[in-house]
Amino acid sequence: MEEKIKNSELYLNSVLGEKSNFSAPKDYFNNIENRFFISLAEQNIPNKDGFSTPNSYFDSLENSILSKVKSKEKTIKVISLKQRFYKIIPAAIAASIALFISINYFTNKNTEINFDNLAQTDIENWFLESSSNITSEDIATFINVDDINVNDFAYTNIDDDDIEDYIIYNENTTLLNEIN
Amino acid sequence: MTDETLLIEQLQNVQTKEKAFREIIKLYKERLYWHIRKIVISHDDADDVLQNTFIKIFKNIDKFNQDSKLYSWMYRIATNESITFINKRAKQRNLDITDYQQELASNLTTDNFFNGDEIQLILQKAIATLPQKQQLVFNMKYFDELKYEEISEILETSVGALKASYFHAVKKIENYIKTKTN
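Residue numbers (this note's numbering), protein chains in the order written: chain A, 1 to 180; chain B, 1001 to 1182.
So that you can see chain B by itself, here it is in the shape it has in the complex:
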């Protein structure tokens, strides 16, 4: 029995659920946090979404049927929660999602938890110009260093389509940075 299968079994058992869940948080808190943070941008929002993600994982672990790997399933929940969150915020502000994300990137100059330099700020603005799927693929491949096969399982998209998305994302970001720095 693999570690993951054992963990799932413990999570689905009432008596061992809490202990196993603590283990899950310990194992995945940082990876999920950074994944969420790159989508919602602000730390406070990332903290809210991370908590909601774990609550959702806890509530739905009994329904997890092991069609995919546990971490892919959790990443998928985190992704959906983050996207729902920013869409909701954009709607509340009566803004188009691209405009809202541009605003988030611009606000980073006054964010206490952004230590990036000028070029890193430009990078965040460049990412904000990309379509949602390309943003996700770029962040997961470039920063999280996930394999295409892993991203494919999380986003339920073919490897070929992911490669094309990543290629376009990288080219667009490179062009954006070149335009802004020259």
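Bound conformation, chain A alone:
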């Protein structure tokens, strides 16, 4: 009998090999301890959360949600700000041009430019910017010598520093010659 079993085992081994041919999922044995500890810990945690809802709360939920969805759809009609902005641009340009033309037209229509209505600062600025083109002869043409008295300059309060700066920065050497 034993001999027969031994023979059969030898036969099976020769046919099937010594392996069982079963396999386990990858990493199964790596986290088996964790899974064991988790299921042990879970036994100490209550399996119900204790929350409840008002009676028949879920019964009317579809209707209340749908009515809210519909009312939101009616009240909130989203208009793209970008689109609205693009629509406004041509109108804004046209309005700006019209405004510019009308301001220029109405303000310049009845106003004749003369020396009296020029601002003092405008005259000064023009003089400073164009002074390189104005010769002393030009000035002499406009200023009447009879109106000027030498005493007009006698008491003029000019700082010594200003005079010094003028002499230093003015390239007109004749001034120095005059001092000498």
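Read the hints as simulated data drawn from the structure, not as lab findings.
Here the structure is a predicted model, which means the values were calculated and not measured.
Ideal Cβ positions, reconstructed from N, Cα and C, are used throughout, including at glycine.
One or more of the hints may lead you astray.
Said to hold, decoys possible - Derived DEER-like restraints, expressed as beta-carbon distance ranges:
(1) Pro46(A) - Glu1004(B): 31 to 41 Å
(2) Asp59(A) - Asn1112(B): 16 to 26 Å
(3) Ser71(A) - Asp1067(B): 29 to 39 Å
(4) Ser64(A) - Gln1102(B): 51 to 61 Å
(5) Ile89(A) - Glu1156(B): 52 to 62 Å
Unchecked claim - Cut-off 30 Å, straight-line C-alpha distance, at most; resulting in silico cross-link-like pairs (BS3-like, lysine-lysine):
(6) Lys1056(B) - Lys72(A)
(7) Lys70(A) - Lys1063(B)
(8) Lys1069(B) - Lys70(A)
Starting from the known structure of chain A, arrange chain B on it as the hints suggest.
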């Protein structure tokens, strides 16, 4: 064509949208409600967030590109809405989110819609001590009995990371309960 694909097609068609949406609410109202409720804790807040979730689903269904399953997408919206809600509430109360959640759990003793016993109250306080992600993973795995693969799709986190989160969450909750009950 699967039921889900058909439903999505109906939802994206103007003529069948409302009927299909009613079907969606019917199918998912309870699952989404309980998911939201476990995050925001009070029934009234859960009701508000659930309504907002469905409104958002309705408004954005045309943009749903089927990269994930419909229910994962809806769960993700519900999760985001709930987290945004409690963060906003905590900010309004000038509280840190952990302190705010502890306060919510403590208020359960006077909540008409909390029928839990002492140990269930301790459980809620224990969950409130966990980091946000661990809270979500614990609730979804332990109470909602979702598979790691499903949670992975909803939270867009790897299965390995979820398993680690769940392991830590369970150990912390167990320790908290043991400390409070002994």
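Okay, the hints, checked on the actual structure:
For Pro46(A) and Glu1004(B), the hinted distance range of 31 to 41 Å is satisfied, since their beta carbons lie about 34 Å from each other. The supplied range of 16 to 26 Å is met by Asp59(A) and Asn1112(B), whose beta-carbon atoms lie about 19 Å from each other. For the pair Ser71(A) and Asp1067(B), the beta carbons lie near 31 Å from each other, so the given range of 29 to 39 Å is met. For Ser64(A) paired with Gln1102(B), a C-beta distance near 32 Å fails the hint of 51 to 61 Å.
Range check, Ile89(A) to Glu1156(B): Cβ separation about 41 Å, and the 52 to 62 Å hint is violated. Restraint check for Lys1056(B) and Lys72(A): satisfied, since their Cα atoms lie roughly 11 Å apart, inside the 30 Å limit. Annotation: proposed proximity of Lys70(A) to Lys1063(B) holds, straight-line Cα distance about 19 Å (limit 30 Å). Taken as a hint, the Lys1069(B) and Lys70(A) pair is honoured in the structure, with Cα atoms around 26 Å apart against an allowance of 30 Å.
Against the hints set out earlier in the document, violations occur for numbers 4 and 5.
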